[in-house]
Amino acid sequence: MKRLVYFLPLALALAGIGLFFLYMQQINQGKDIQALDSARVGKPIPEFSIASLKDKDRMLVQSDLKGKAGLLNVWATWCPSCRVEHPYLIKIATEFGVPVYGLNYKDERVAAITWLDKLGDPYTFNIYDEDGRLGFDLGVYGAPETFIFDKNGIIHMRHVGVVDERVWKEKIKPLIDKLNAG
Amino acid sequence: MRKAVQIFAWILFLAISQGVTAVVETYDFATDEQQGQYLYLTETLRCPKCQNQNISDSNAPIAQDLRREVHRLVSEGQSNDQIVEFMVDRFGDFVMYKPRLDMTTALLWFGPLLLGVAGIAAVVQLARKSRQGGVATDSAEPTALTDVERSKLKKMLKD
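Going down the list, the sequences are from chains U and W. Heads up, the first sequence is in numbering that gives the first Met the number 0, so the first residue is 0 and it goes up one at a time. Heads up, the second sequence is in numbering that gives the first Met the number 0, so the first residue is 0 and it goes up one at a time.
FYI, nobody ran anything at the bench for these hints, they're computed from the structure. Be a bit skeptical, because a hint or two may be false.
[To be verified] Keeping only pairs whose Cα atoms sit at most 30 angstroms apart, straight-line, the calculated DSS-like set for lysine-lysine is: (1) U/Lys-30 x W/Lys-48; (2) U/Lys-30 x U/Lys-55; (3) U/Lys-55 x U/Lys-42; (4) W/Lys-128 x U/Lys-105; (5) U/Lys-172 x U/Lys-1; (6) U/Lys-55 x U/Lys-168; (7) U/Lys-1 x U/Lys-55; (8) U/Lys-30 x W/Lys-128; (9) W/Lys-97 x U/Lys-42; (10) U/Lys-170 x W/Lys-2; (11) U/Lys-42 x W/Lys-128; (12) W/Lys-97 x U/Lys-172; (13) U/Lys-105 x U/Lys-53; (14) U/Lys-1 x W/Lys-97; (15) U/Lys-65 x U/Lys-1; (16) U/Lys-67 x U/Lys-172; (17) U/Lys-168 x W/Lys-48; (18) U/Lys-90 x U/Lys-65; (19) U/Lys-170 x U/Lys-67; (20) U/Lys-65 x U/Lys-55; (21) U/Lys-90 x U/Lys-172; (22) U/Lys-55 x U/Lys-177; (23) U/Lys-55 x U/Lys-170; (24) U/Lys-90 x U/Lys-53; (25) U/Lys-1 x U/Lys-90; (26) U/Lys-55 x U/Lys-90; (27) U/Lys-67 x U/Lys-1.
Using the sequences and the hints, build the whole thing.
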């Protein structure tokens, strides 16, 4: 019985190797190891008053996002992955009927409007966050990022990276359904 | 030889110039304390994008934003704790290079200490065991002397 103690280091080493392979498997399945948990989950979208992208004179505020569970998508024309997810955002907004709002992050107004004219516009409206102040308050550290919030404007999830069919089906849709039911 | 010196000089030049260009913007402060505070904070806050750099070391746009906010908050006279709290509120615990002590980080803080104590305990235990074993064999030897050996020893001592 006492001899078993001598096998303890070996057992610990094997357990470590096992954990390593489990982790590798998660990475292979598309887990982004650099993605951070958002500190804003469970908190409301921060207060803001920022002009709309398409209409300079229209000031958008936090309460404009309230009323229905939806997506706040952080994007910019300098962000290649944003182009990748763009068609799927259109699908979410038009086919699935879930409101998608845009946070145009550190971008140029003309370039952003041209992009929307060319590729289609899934957004109910776009907040033109030129210097990234609202992005900063949201803890945005890159683009694309997508926040999912409920009808009261409380953030329930942040997804870092491209929103595609898999992310929509596995992460976002179940949450939206839950928020709409509750 | 000359060429080698030249190449070395170039490498040195490139290495130095890169260090200088790492951070582009400069900030003015009202007092030296505030400047010290800024330097301390930008070295202890971690860049959320380039995850192995602090924000004074990184040229990522988000690191610039963090530096700008640190400068603003320092100039407003906020304390280190307040400023760190402000950042954690937005970017999570990740922005702190030195993790806070709570339930989730307790193992991180005390794990090494625990391992150290366990190691010392193991060594002490082993040492004690081997000493006991050693004493046992020592004490066994005198009784192993036979009568013949004993008379031999007497003879030797007499001579």
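Broken hints, by number:
2, 4, 5, 6, 7, 8, 10, 11, 12, 14, 15, 22, 23, 25 and 27
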